[in-house]
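Given the structure of chain A, go ahead and fit chain B onto it with the hints provided.
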Amino acid sequence: MRIILNNREEEINSNSLTVNELLTLKKFSFRMRIVKINGKLVPRDQYDTTIINDGDNVQIIYLMSGG
Amino acid sequence: MRIIDIKRHLGHFRAGIAGAGGLGSNCAVALARSGIGTLVIADYDQVEESNLSRQYYFKYQTGKYKTDALREIISLTGSETKVITFNTELNRQNIVSIFKGCHVVVEAFDRAEMKEMFVETLQKELPGVPLVIASGVAGYGMNDTLRSRKIDDTLFVCGDESSETSSDLPPMAPRVGIVANMQANIVIELLMKMKPDKSTDK
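Going down the list, the protein sequences come from chains A and B.
Heads up: the first sequence runs through residues 1 to 67, numbered per our numbering.
Heads up: the second sequence runs through residues 1001 to 1202, numbered per our numbering.
Take the hints with a grain of salt, since some may be wrong.
Said to hold, decoys possible - Below, simulated DSSO-like cross-link-like pairs (lysine-lysine); rule was C-alpha separation at most 30 angstroms, straight line:
(1) K1150(B) to K40(A)
(2) K40(A) to K1124(B)
(3) K1100(B) to K40(A)
Said to hold, decoys possible - Only some residues are given here: those of chain B computed to face chain A with a beta carbon under 8 angstroms:
(4) L1023
(5) E1113
(6) E1120
(7) E1164
(8) P1171
(9) A1173
(10) P1174
(11) V1176
The hints are simulated quantities; they were obtained by calculation from the structure and are not laboratory data.
Heads up, the beta-carbon is just placed ideally off N, CA and C, and yes, glycines get one too.
Pulled out of the complex, with its shape left as it was, chain A reads as follows:
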C-alpha cells in the first residue's frame, strides 16, 4: 500500500499495519512523540490497536524537552 508519511509518499510492503509496526518499520526510535492519522490524534495507548490503511496521511512529530 501507499501512505503519506510526514508529507512524503511511501510504499509499504503490507496491506495494513498498526502504528507500532510502522514506528518499528520506519525506525522512529525517539520515545516522545505525537502520531496523527488523517488529522486525528492517536493516543500512545492505542498504538497497538490503531490500523494504518492504504492512502492514509500519517504525521509523526518528535517532542524534544526544553523550553
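Below, chain B without anything else, positioned relative to chain A:
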C-alpha cells in the same frame, strides 16, 4: 493594516498558554504587546534564579508564582490584555476546563512528557482549537535549523524538532526566545484570519 487596527482585531480573542517558563513567558509578553484580548496562563511553579537565563522574569521576582510575576510584567508593558491565571499543575483532568473558550492554545512546557500529555488531551478533547507547540529549542547558534511547520489545520510545531535539553545543551535565552516568538507569530496569524464572535468578552 495599521497597528491600531490589528490590535483592535486581536482584542476580541482569547489565547491559552500552557506553562509560563521560557517559552510561555516570552510568548505571553509578545501577544500582550500585540494587543491580544485575553490570555489564559497556567503554571504551578515559582520563579527561581536559574530561570533568569532565559525566562522573562526579573531577579526581584524570585520566589513569586510565575503566573503572578507574568501578570505583573504584562501590566508593566502598558498592555490592556486581560490576564486569567491558573496557579495549578496541568493534568488530563483539568486541561479542558482551563482552556475551553480559547480561540488558540500554545503549548509551552519544558518536559517532553508534559508536551505529549497536553497535546494528546487537548487535541482529543478540544479538537477544533488550533494548538501551537514547541519542540527543539536547546543550545545556541544554528539559526537556520529553527522553523515552524503546519502539521494540519489544528497543529503547528515550532523549533528544530531535534535538539533535546541536557546538561551539555542547555536551553538559552536566544533560541528559546526565538521559538516562543515564532509561536506568538503563528497565534497572531491564525487570529487575524478569524472573525470575532459576538459572545467574546474583551
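Structure-based check of each hint:
A threshold of 30 angstroms between alpha carbons decides the hint, and for K1150(B) with K40(A) the separation of about 14 angstroms falls inside it, so the pair holds. Between K40(A) and K1124(B) the CA atoms are separated by roughly 8 angstroms; this keeps the pair inside 30 angstroms, and the hint holds. Between the alpha carbons of K1100(B) and K40(A) the distance comes to roughly 19 angstroms, so the proposed pair stays at or under 30 angstroms and holds. With its C-beta approaching chain A no nearer than about 4 angstroms, L1023(B) sits inside the 8 angstroms limit, and its interface hint holds.
The closest approach between the C-beta of E1113(B) and any C-beta of chain A is roughly 7 angstroms, which is under the 8 angstroms cut-off, so the hint is satisfied. Residue-level restraint check for E1120(B) holds (minimum Cβ-Cβ distance to chain A is 5 angstroms; threshold 8 angstroms). At about 4 angstroms, the closest approach between the beta carbon of E1164(B) and any beta carbon in chain A falls short of 8 angstroms, and the interface hint on this residue holds. Taken as an interface hint, P1171(B) checks out: its beta carbon lies about 5 angstroms from the nearest beta carbon of chain A, inside 8 angstroms.
For A1173(B), the shortest C-beta to C-beta distance to chain A is roughly 12 angstroms, which exceeds 8 angstroms, and the interface hint is violated. At its closest, the beta carbon of P1174(B) sits 13 angstroms from a beta carbon of chain A; the interface hint therefore is violated under the 8 angstroms criterion. Residue-level restraint check for V1176(B) holds (minimum Cβ-Cβ distance to chain A is 7 angstroms; threshold 8 angstroms).
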